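**Q** So the protein lines, in turn, are chains A and B. Residues 207 to 563 (the working numbering) are what the first sequence spells out, left to right. Residues 207 to 563 (the working numbering) are what the second sequence spells out, left to right.
Among the hints, erroneous ones may be present.
For identical chains, the list gives no copy identity; a pair is met inside one copy or between any two copies.
As the list claims (entries may be wrong) - Pairs of lysine to aspartate or glutamate, EDC-like flavour, derived with a Cα cap of 20 Å:
#  : residue 1 : residue 2
1  : K299      : E514
2  : K299      : D316
3  : K299      : D311
4  : K299      : D319
5  : K248      : E507
6  : K268      : E326
7  : K248      : E223
8  : K299      : E518
9  : K299      : D446
10 : K248      : E424
11 : K299      : E507
12 : K248      : D524
13 : K299      : D382
14 : K299      : D425
15 : K248      : D348
16 : K248      : D382
In short, the hints are calculated from the structure, not lab data. Note that the coordinates shown come from a computational prediction; the quantities given were computed from them, not determined experimentally.
There are 2 protein chains.
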Amino acid sequence: MKGTTLADGPTINTIAERAGVSIASVSRVLNGLPTRQETVRKVMAAADELGYVRNAVARSLKSRRTHQVAFAMADVGNPAYLAMLRQIQPVLKDAGYRLVLHSTDAVVADEIDVLHSLGERYVDGLIMVPLRVTEAHLEMLDAARAPVVIIGQVPEGTRVDNVRADSRTGVKLAIDHLHALGRRRIGMINGPLDTVPGAARGAAYREALGGVGLPYDEDLVQIGDFYRAEGGRAVAELLDRVPDVDALMCANDLIALGALDVLRAAGRRVPEDVAVVGMDDTDLAAASWPSLSSVSLGSAERGRAAAELMLERLQGGDGEPRLVTVAPRLVVRASTAGAPVADFPAESRTDRKESAE
Amino acid sequence: MKGTTLADGPTINTIAERAGVSIASVSRVLNGLPTRQETVRKVMAAADELGYVRNAVARSLKSRRTHQVAFAMADVGNPAYLAMLRQIQPVLKDAGYRLVLHSTDAVVADEIDVLHSLGERYVDGLIMVPLRVTEAHLEMLDAARAPVVIIGQVPEGTRVDNVRADSRTGVKLAIDHLHALGRRRIGMINGPLDTVPGAARGAAYREALGGVGLPYDEDLVQIGDFYRAEGGRAVAELLDRVPDVDALMCANDLIALGALDVLRAAGRRVPEDVAVVGMDDTDLAAASWPSLSSVSLGSAERGRAAAELMLERLQGGDGEPRLVTVAPRLVVRASTAGAPVADFPAESRTDRKESAE
DNA sequence: CCGCATTCCGTAAACGTTTACAGACGATGA
DNA sequence: TCATCGTCTGTAAACGTTTACGGAATGCGG
Numbered sequence: 207m208k209g210t211t212l213a214d215g216p217t218i219n220t221i222a223e224r225a226g227v228s229i230a231s232v233s234r235v236l237n238g239l240p241t242r243q244e245t246v247r248k249v250m251a252a253a254d255e256l257g258y259v260r261n262a263v264a265r266s267l268k269s270r271r272t273h274q275v276a277f278a279m280a281d282v283g284n285p286a287y288l289a290m291l292r293q294i295q296p297v298l299k300d301a302g303y304r305l306v307l308h309s310t311d312a313v314v315a316d317e318i319d320v321l322h323s324l325g326e327r328y329v330d331g332l333i334m335v336p337l338r339v340t341e342a343h344l345e346m347l348d349a350a351r352a353p354v355v356i357i358g359q360v361p362e363g364t365r366v367d368n369v370r371a372d373s374r375t376g377v378k379l380a381i382d383h384l385h386a387l388g389r390r391r392i393g394m395i396n397g398p399l400d401t402v403p404g405a406a407r408g409a410a411y412r413e414a415l416g417g418v419g420l421p422y423d424e425d426l427v428q429i430g431d432f433y434r435a436e437g438g439r440a441v442a443e444l445l446d447r448v449p450d451v452d453a454l455m456c457a458n459d460l461i462a463l464g465a466l467d468v469l470r471a472a473g474r475r476v477p478e479d480v481a482v483v484g485m486d487d488t489d490l491a492a493a494s495w496p497s498l499s500s501v502s503l504g505s506a507e508r509g510r511a512a513a514e515l516m517l518e519r520l521q522g523g524d525g526e527p528r529l530v531t532v533a534p535r536l537v538v539r540a541s542t543a544g545a546p547v548a549d550f551p552a553e554s555r556t557d558r559k560e561s562a563e
Numbered sequence: 207m208k209g210t211t212l213a214d215g216p217t218i219n220t221i222a223e224r225a226g227v228s229i230a231s232v233s234r235v236l237n238g239l240p241t242r243q244e245t246v247r248k249v250m251a252a253a254d255e256l257g258y259v260r261n262a263v264a265r266s267l268k269s270r271r272t273h274q275v276a277f278a279m280a281d282v283g284n285p286a287y288l289a290m291l292r293q294i295q296p297v298l299k300d301a302g303y304r305l306v307l308h309s310t311d312a313v314v315a316d317e318i319d320v321l322h323s324l325g326e327r328y329v330d331g332l333i334m335v336p337l338r339v340t341e342a343h344l345e346m347l348d349a350a351r352a353p354v355v356i357i358g359q360v361p362e363g364t365r366v367d368n369v370r371a372d373s374r375t376g377v378k379l380a381i382d383h384l385h386a387l388g389r390r391r392i393g394m395i396n397g398p399l400d401t402v403p404g405a406a407r408g409a410a411y412r413e414a415l416g417g418v419g420l421p422y423d424e425d426l427v428q429i430g431d432f433y434r435a436e437g438g439r440a441v442a443e444l445l446d447r448v449p450d451v452d453a454l455m456c457a458n459d460l461i462a463l464g465a466l467d468v469l470r471a472a473g474r475r476v477p478e479d480v481a482v483v484g485m486d487d488t489d490l491a492a493a494s495w496p497s498l499s500s501v502s503l504g505s506a507e508r509g510r511a512a513a514e515l516m517l518e519r520l521q522g523g524d525g526e527p528r529l530v531t532v533a534p535r536l537v538v539r540a541s542t543a544g545a546p547v548a549d550f551p552a553e554s555r556t557d558r559k560e561s562a563e
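With the sequences and hints as input, model every part of the structure.
**A** This is the structure we're talking about:
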């Protein structure tokens, strides 16, 4: 089959022979440099007949540009990363770059590997969402042989282009919203505090409560992980301990789905008895019943911003490292906004015209 | 910033100079070919001090291998493609290949482009999920200068490695299930019939009805598109026309979600009054309320199979084109199986330990 | 008919590797 | 001591491009 067809394709040399010119002329024609009409014609004809296609590897070697950019994150399955990817891809593509995808499976060593492999020069740049930023990361960043854009928090003074979310403001939006709805016993279901998001969201919750004049009550906080089942269990415990809770701020959408499961099982109405807010505004938020109010941290925007920063660097931007912060947005749906809406929800952007056959 | 650090990295020449040997020796040491101990030591030392990293582009040029494989589909946002991607990526990675991602945005010309660009030899192979297979596709496939694996239906006799789902059996599983539950007025909500999935699923529905001895009734079939809102509208029309429908076979999960919306609004209980089955078994199926029974067409398995076929080709497999068909699976959840379950649903595989900050 | 500017093209070097080949060298046996 | 062998290493070519440089050809004015 195809394996046998892999006979060496034509090169610039083949064309030169057939057209009776030198390889330099062929190259010039192919690159649109000024050349006599007659030569152009001959070369084009030969190239067409041979079905010539430029060899990208050889070009890259000479030009020191691969026209590839890498994107590295823990797991494409995570909707937040996916949203970034979906923005990054078209921006790069339109600018003539290919996208090399690295999934590090949440293994820090893999992230370091990716940074190290920049030295192989198989890409012109790297956009990375690190899980956490270790000393090793910082060292490799300093030594990086190609431009890097980091999405996520980095220590002050790190000399690297950086795009951030603002979960502090995000949590505040949600708490303000709940407070405005008259809720006064607002619980928080968080993930582990030793993760960057967990810590940030926990602190933001406390601060936002203060902002609306509510006391911080440890009993109202329950820690689990970032998954649905454990989120549900955490909510069950909280309900036991604080039966009069009237709202739940959940650290991500999966936790919030778990909360809906448990509240339903416990016979609490959402949002009448307990209002629920999720975080990340994933597709799941629109799909659940009742649909879930959720704080969008602008994953898509962050992806786009990162891609644009990268392009600027690649186009010779040599300035100081830049920091872009993306504003969060509260998307209000049925889980806080009164009666669950019963008409058609907004289009989910998840599926395309055709699903795979 | 980094831009200034991009001074040319060390090459094999730099090492040769510093170690006082020839570049051939350096290359030999770096590749582990037999060399005198003393030389090995000197070269290693020099390489370490210089922080040398092999240039992937130059290697590729010489070895005619890029260690990259491309994956092309319409849209990463589609959960089916995403499921494939998530399997393909680790298989390739473990085998030492990088993944280049192409999103064609459902534009056929883009797909042709991707096939054409194989001639640039920037990848060693291509895994592709075409929207539909045109004449142009077939021509390019024949002329392809690297191994290609197609996921999806291709015309008989196309000489290409191929992985397929079996939506016919999939639909049959669902219809048999509904029939066994005592449903006799089973409607179908389908997408456009001029798409490959639409046509296949429509025909399979008719055939499966026959299989359980039910008549095919045109009134029970409603065509819309593959999205949620339109799916809902289609269901509303069907309900108007055939009020006694007692089950709905939906051509994908989004349509099924639309069905749930409309059934709820119409005061029909799911599954007591109307049972609903979706297709593709996306994350949304587990997240919805009631959770959605869905036919899995094995996207993940298809991805894995495709990646494995590709690796075999790359490792020199020269045999006949191969065909792998993946068996479908019916995942029964609350929307057909009696009372909606109220305990914690199975873990969704969507999220990871840490969500993006 | 010569000198010169202009236009077009070919030669060759370079990008950073791998590798075939042959030379240098030390050791071995006669 | 010399031929022979084996081990190790260096030289150079090759992968497929791009591009600096200089030479050939042409046209023009004097």
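**Q** Against each hint, give a clear statement of whether it holds in the structure.
**A** Structure-based check of all given hints:
In this homomeric assembly, K299 and E514 come within 20 Å of each other (Cα to Cα) only inside a single copy, at 12 Å, whereas the closest approach across copies is 27 Å. In the homo-oligomer, the alpha carbons of K299 and D316 lie at most 20 Å apart only across protomers (11 Å), although the nearest pairing inside one protomer, at 26 Å, exceeds that limit. Taking CA atoms no more than 20 Å apart as the test, K299 paired with D311 passes between copies only; the shortest distance there is 11 Å, against 25 Å inside one copy. Taking the shortest Cα distances, K299 and D319 sit within 20 Å of each other only across copies (13 Å), while inside one copy they are farther apart (25 Å).
Proximity of K248 to E507 under the C-alpha cut-off of 20 Å is found in neither arrangement, the shortest distances being 48 Å within a copy and 50 Å between copies. In this homomeric assembly, K268 and E326 come within 20 Å of each other (Cα to Cα) both inside a single copy, at 15 Å, and across copies, at 15 Å. In the homo-oligomer, the alpha carbons of K248 and E223 lie at most 20 Å apart inside one protomer (11 Å), although the nearest pairing across protomers, at 45 Å, exceeds that limit. Taking the closest pair of Cα atoms, K299 and E518 come within 20 Å of each other only inside a single copy of the chain (14 Å); across copies the shortest separation is 29 Å, beyond that limit.
Taking the closest pair of Cα atoms, K299 and D446 never come within 20 Å of each other, the shortest separation being 52 Å inside a single copy and 46 Å across copies. Neither within a single protomer nor between protomers do K248 and E424 lie at most 20 Å apart by alpha-carbon distance, with minima of 81 Å and 62 Å respectively. Taking the shortest alpha-carbon separations for K299 and E507, only the intra-copy value of 17 Å comes in at or below 20 Å, while the best inter-copy value is 28 Å. For a Cα distance limit of 20 Å, the shortest separation of K248 from D524 qualifies neither inside one copy, at 42 Å, nor across copies, at 37 Å.
Taking the shortest Cα distances, K299 and D382 never come within 20 Å of each other, neither inside one copy (40 Å) nor across copies (45 Å). When the C-alpha separation of K299 and D425 is checked against a cutoff of 20 Å, the pair qualifies neither within a copy, at 50 Å, nor between copies, at 45 Å. For the identical chains of this complex, K248 and D348 are neighbours neither inside a copy (50 Å) nor across copies (27 Å), given an alpha-carbon limit of 20 Å. With identical chains, the CA atoms of K248 and D382 are never at most 20 Å apart, being 72 Å at best within one copy and 66 Å at best between copies.
Consistency note: the structure conflicts with the earlier hints numbered 5, 9, 10, 12, 13, 14, 15 and 16.
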